[in-house]
Amino acid sequence: MLNAIIALGIAGLVFGAMLALAAEKFKVEQDPRMLEILNVLPGANCGACGFPGCSGLAEAIARGEAPANACVPGGKAAAEAISKIMNVDVAESMSEVAVVYCQGHEHNAEISAQYHGVTSCKGANMLGGHKSCAYGCLGFGDCVKACPFGAMYMSEEGLPVVIKEKCTGCGACAKACPRGIIDLVPPDKDVHILCRSFDKGPSVRKYCKVGCIACQLCVRSCPQEAISMDKGTLAKIDYSLCDNCGICATKCPTGAIRDESAVSREEVSA
Amino acid sequence: MKESKSSLGFDFIKGFIQENPTFALAIGMCPTLAVTTSVVNGFWMGIAVLFVLTFANVFVSLLRNFIPDEIRIPIFVILIATPVVIVELVMKAYLPAIYEVLGIFVPLIVVNCIIIARAEAFAYRNPVMNSLMDGLGIGAAFTVNLMIVGGIREFLGTGQIVFGSAAFPSVPFFEPAAVMLTPPGGFITLGILMALFNVTIGAKGKTND
Amino acid sequence: MITIKKVFGGVDVPGKKELSKDCPIEFAGIPGEVVLFLSQHTGAPSNPIVKPKDKVLRGQMIAEPQGTVSAALHAPTSGVIKAIEPRFHPVQARMADAIILQPDGEHVSDESVKPLASDLEDLTPEAIRTIARQMGLVGLGGAAFPTAVKLAPPENKPIDTYLLNGAECEPYLTADQRLMTEEAEKVIFGFRAFMKASGASRGIVCIEDNKPDSIEAMKRAIQPYSEIELAVLTSRYPRGGEKQLIQAVLGREVPPPPGLPLDVGVIVSNVGTAYAMAESILEGLPLIERIVTVTGEGVAKPSNFKALIGTPLSFLIDKAGGFNGTPRKVIMGGPMMGAALRDTNVPIVKGTSGILVFNVDQVVEEPILPCIRCGKCVDVCPMRIQPLWIAAYSERGLMEQAENARAMDCCECGACAFACPAKRPLVQWIKLAKAEITAMRRA
Amino acid sequence: MDDKLLITPAPHISSVKTVRGIMLDVVISLLPATLAGIIIFGIRSLQLVLASVIAAVAAEAIYQKVAKKPVTVNDMSAVVTGLLLALTLPPDAPIWIPIIGSAFAIIVAKQIFGGLGTNFVNPALAGRAFIVAAWPLHMTQDWLNPMTHDAITGATPLAVFNNTGTTSLGVKDLLLGLRAGSLGETCIIALLAGGIYLIARDVIDWRIPVGYLGTLALGTWIFGSPNGFFQGDWLSGILLGGAVLGSIFMATDYVTSPVTPTGRFYMGVGAGIITLLIRVWGGYPEGVTYAILFMNLVTPLIDKYVVPKYYGYMHDIQARKAAAGGGTK
Amino acid sequence: MSIIAIIIGGVLVNNFIFMQYLGICPFIGVSQNLETAMGMSGAVVFVMTIASAVTAAFEQFVLARFGLEYLRTIAYILVIAAFVQLVEIFMKKTLPGLYKALGIYLPLITTNCAVLGVTMLNVRQGYGILMSTINGFAGALGWSLAIIIFAGIRERWQLMDIPPALEGFPLALISTGLMSLAFLGFVGLFKGLF
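Protein chains in written order, with our numbering: chain A, 726 to 995; chain B, 887 to 1095; chain C, 5 to 447; chain D, 18 to 346; chain E, 600 to 793.
Read the hints as simulated data drawn from the structure, not as lab findings. Treat the hints loosely; a few may be bogus.
Stated by the list, open to error - Keeping only pairs whose Cα atoms sit at most 27 Å apart, straight-line, the calculated DSSO-like set for lysine-lysine is:
{"id": "1", "chain 1": "C", "residue 1": "Lys9", "chain 2": "D", "residue 2": "Lys82"}
{"id": "2", "chain 1": "A", "residue 1": "Lys961", "chain 2": "A", "residue 2": "Lys976"}
{"id": "3", "chain 1": "A", "residue 1": "Lys870", "chain 2": "C", "residue 2": "Lys427"}
{"id": "4", "chain 1": "C", "residue 1": "Lys305", "chain 2": "A", "residue 2": "Lys956"}
{"id": "5", "chain 1": "E", "residue 1": "Lys699", "chain 2": "D", "residue 2": "Lys321"}
{"id": "6", "chain 1": "C", "residue 1": "Lys427", "chain 2": "D", "residue 2": "Lys21"}
{"id": "7", "chain 1": "A", "residue 1": "Lys925", "chain 2": "C", "residue 2": "Lys59"}
{"id": "8", "chain 1": "D", "residue 1": "Lys21", "chain 2": "A", "residue 2": "Lys931"}
{"id": "9", "chain 1": "A", "residue 1": "Lys870", "chain 2": "D", "residue 2": "Lys34"}
{"id": "10", "chain 1": "C", "residue 1": "Lys427", "chain 2": "D", "residue 2": "Lys189"}
{"id": "11", "chain 1": "A", "residue 1": "Lys809", "chain 2": "A", "residue 2": "Lys847"}
{"id": "12", "chain 1": "A", "residue 1": "Lys956", "chain 2": "A", "residue 2": "Lys976"}
{"id": "13", "chain 1": "C", "residue 1": "Lys427", "chain 2": "D", "residue 2": "Lys326"}
{"id": "14", "chain 1": "D", "residue 1": "Lys21", "chain 2": "A", "residue 2": "Lys925"}
{"id": "15", "chain 1": "D", "residue 1": "Lys326", "chain 2": "A", "residue 2": "Lys934"}
Stated by the list, open to error - Using C-beta positions, here's what the derived DEER-type ranges look like:
{"id": "16", "chain 1": "C", "residue 1": "Asp164", "chain 2": "D", "residue 2": "Asp20", "range": "54 to 60 Å"}
{"id": "17", "chain 1": "C", "residue 1": "Gly203", "chain 2": "A", "residue 2": "Leu909", "range": "52 to 58 Å"}
{"id": "18", "chain 1": "C", "residue 1": "Pro162", "chain 2": "A", "residue 2": "Leu909", "range": "50 to 56 Å"}
{"id": "19", "chain 1": "D", "residue 1": "Asp20", "chain 2": "C", "residue 2": "Gln106", "range": "29 to 35 Å"}
{"id": "20", "chain 1": "A", "residue 1": "Lys870", "chain 2": "D", "residue 2": "Ala84", "range": "19 to 25 Å"}
{"id": "21", "chain 1": "D", "residue 1": "Ala172", "chain 2": "A", "residue 2": "Thr844", "range": "30 to 36 Å"}
{"id": "22", "chain 1": "A", "residue 1": "Glu805", "chain 2": "C", "residue 2": "Ala147", "range": "38 to 44 Å"}
{"id": "23", "chain 1": "E", "residue 1": "Ile603", "chain 2": "D", "residue 2": "Ala172", "range": "24 to 30 Å"}
{"id": "24", "chain 1": "E", "residue 1": "Gly787", "chain 2": "B", "residue 2": "Pro954", "range": "51 to 57 Å"}
{"id": "25", "chain 1": "B", "residue 1": "Val1048", "chain 2": "E", "residue 2": "Asn632", "range": "39 to 45 Å"}
What the hints assert, rightly or not - Covered stretches of chain D (chain C as the covering partner; in silico rule of three or more C-beta atoms under 8 Å from a C-beta of chain C):
{"id": "26", "segment": "22-36"}
{"id": "27", "segment": "61-67"}
{"id": "28", "segment": "326-332"}
Bear in mind the structure is a predicted one, so any value in this text is a computation, not a measurement. Quick reminder that beta carbons are idealized off the backbone N, C-alpha and C, glycines included.
Please take these sequences and the hints and turn them into a complete structure.
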């Protein structure tokens, strides 16, 4: 009995002293957040997260390479604590939302060829696309796949739809779109000219029911003079001038301009 | 440290679903695989872990205000190793056959991630009663898990389930598959069970979004 | 005689040259509209020097090169400039600026179109390079690299050997074969001009053994010139790839990108380019026309045309007797590397060597299956990379791994996708990866 | 849609080879051996083969239906798996053995990893290894005598050979397959015919079977005799047991063998070494299954480290040096 | 000869992962890519070998001498934990290159049950200090072989469509099961030598 106490006591003392010494001696300058995270982590070093030990994970989280809930044994408590440490005003970053500038789904825009190859917009775009319009949406959903927040989906007609409430304005979809028809706009803007075709009016009319035919009715009707013609063939809204009045949307003969507030009003009344 | 507001009942029951150590958190794999060739082995292993876990949880929780943060891990290890040694000695004395079968996996409870994880993630920041319930709940869930895995492997591997003196009679025309008692059988059984847990219970009670 | 070295990889493809190999080159005629893209070559687009409504004459320069790596553009026939506007570019597969020319049918030549020299002795290397640049010469094998740039290797990389590429390993196409058979003398004249401009002391004409008539003609044409030799290659795709040709004929390997043939002292030019060079010197005629094979089971009368650059496909197909049945696929270029088009209302460009029309029977429409790792693509890849992995990484967006798997080395010959039993679009995936990697590197 | 032109990436022509065609070739090449098995061991063999194939196809179809994936049984890969599994069974095995084996092979070893092309072990061999571990007695004792079809007692010729280094069977019997053994492994002539067909059709790479059998022959010659080194009966060593079947039809499985020619050779040699290890010093009379399975496991490593030198490799370092030395592009 | 038998036994026959169920957590956790797996392997070989030696010495000179065998568990875990720390300190100072390669894996090893496991097995087998060291080394080699092979296989998972229910642990366990099926072939290998 005495032996046991003595042996363990001595061992404990020796090891404790050693560990304390080591902890003191090898304090390395590290990301303070990493140390904070390390403190919250269980310290079990079980490796279940796939990183070499808790410090490895803490470092990865601090660098943003691992999610806050990567620690399985730590569970919810650790995840919450870590996200608190890592929380860099996530809520405020929603300063913009994505808008898809095309309404040319399969019923609106002419399909001129059949495409068989890598099923992605990038792949189809490489071959010029299967739609007559060389500017419009290809409909394979590269943007939807790129969205890290699940804020987009493909409509039944084959156009990507942005769920405004979920969109954080990160721009991943815009980067993924090979035709550059997704842009980020201030979330309070409701009126958009949903066409990116620089083709002349007659050719647009030939292949798309909802394209901008450069008739300039919107330009003339806008009380704020916010709309101008880009390269003479495509109407464009200057969002800094637009006041959401929606008059242009009512004038547009092809329905290329969309007033979302009007749409939602209709939905409410219907 | 924020004190948990969860009820004692929840602390007990969560181990079976959201924080099921085997199926949801996938920790403590080694004993789960190694000793589950029969229900009985699983049961005793589970009880051993239950005891150690509860003991460690309670003491960590009791001492949580006196343990310095920097050296908490070594202290946890001591607080865990002590009940493990107790379990070892008790088992050796009263259940020598089981002790022999479980082999080194009894002392290895010391390095079982479940225990240190609970100590750190729960007991270190919760009151004693909650920690007690947490230890009992997780331990009980672990025991049940081991018995389920053990039961499946024992039945498929030997054709019957023996518990104490009772034995379920073998099914006619059923030729037991010895592979279930070997490592491949263990790995595959656990993998499939985990997948089943994922699509059924786990899908409903996800801890983290 | 040159011994041909062993080359790794490649595939045996059905040649199908018999459709058009005996059809003599005919002038296709003047179409109703000529569309001249400002970017028909590797490098910066040329800069238009005409305005809409301007009258131009055949051979008159209408766009000048912009920067070193660029090429001039000339009016292929006389007429009026209708517009300068975006049109669908068949090779780049996107809208690109083009000069639209309305021919007047007179086909009157500009006064600049007159013989510049009749003998190479009269020209310095510098003069030859200037002519190549003035005349808008680009490689006619497909890549359309400005010839003047190619002919001016940096001083620290001397050129010892010039290869004339008459391999034409793409199935179906016979433009080069006809050219070599019919215009052997001129081709060799142009080739000698190249050699002189580049300073190469040794020239080798490389032809695949499935063109005996061309071999015969070229053999006769090189007789007087001891510095030019003939290499007869066994036919196997992609023998005519620049790098594969150098490997087979000289046993040298070009360093991986951005390595160029001149890094190993070699320049390779297509026979069509040599012919255009000869035309430039002997006739003063810029690159305004080229030989185009219109062939495939889907055209009524496969032919080899001398066509004006900018002629619409539909015009040439009509000249070749129109469609033979319902077309399923129209390809600009050869079947291995050409681009499928969604309509025939696009013009040929300087790099267009053929137009291919397939009916349903010739078109593979198999579903894309998962990779079974048979390794056939590895066995055939002339660049000795492993297309299956690169494509798989590309499919999953793992571009860094694709880069590590040497995606950038790919020469896009299509041998892997040809060999793939699962009919996977390997080349397309690799091309996508290359585009992403290039973007990544630029960033 | 057909009135519209089709746009696809280049190339626009394609070889005649298809996945289905390749699988069909494998099935065709296995027919002689299957037929030989049926002749040698009786109609019982046919039942096993049918049970195995049907179970494999059914397992694939059912799994894909349940997992809501497109059903791809018409690519024939399940047929190949079922057939291969059946050929490795003792001819007197109960009929439920191949059924369970095939189901395990298809579902656990192949489909849950995503189906064709993604499994990392040969499904047929995984199925076989599973049933050997599950019902060892059936898999090691249910042998039949050739032609007479009566149950065999005592050790199989291979077990005898492993212990004594000799066999009472003549080369002619071995080639014709007149010996006890697994259903499809005995008739060497039929197997070789299938192998030659596959090599001629450019389906399999000769490097795997040659590397495998060559290594095994060499090893048997060196270590295979209890009397001392370099006295082993190497020919019987490769003809007895399942080495020929395994090396031609199983080690060459595309999905689970390396993609490069050199890698494939290593695969063959490695499998030969492990077979020898298990036969000469191991606890099982036969090591072909485990040898190939083990090589399946290291195939990703072989693929990663045994890669062909890319074009221009020789000049790469030189070119870099030149670039560093101020050379222009 | 018995040394060779121990090594082959540790690597192939009694492989820690496939036969002994030891060190499963890091085996599954740290096998997502080959480089990490190799770093981990190096660290495990290093620590397991020396931990075996140290605990065997501790057993012989302390526990056995004073009749304290019942404290083995607690003593070993302390010895190993302290030892790993010491190694870390030592390595950082004297072998910075090696530390860079292996150092980050060291903390993970303390709780690798294979390390404590192998020391326990050594005692049960009655191995002396030398044999313990060899056994620890062999076991670590076997563990490394397993994780490196597995990492190779897992690197391919990024190219596969895995059903969501199976993602992560379930598929890893089933794969391990299939791998251990292959390792079953080594059962009984060199039986005569043991």
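List in ascending order the numbers of the hints, as given earlier, that are violated by the structure.
-> The structure breaks hints 1, 4, 9, 10, 11, 15, 21, 22, 27; every other hint is satisfied.
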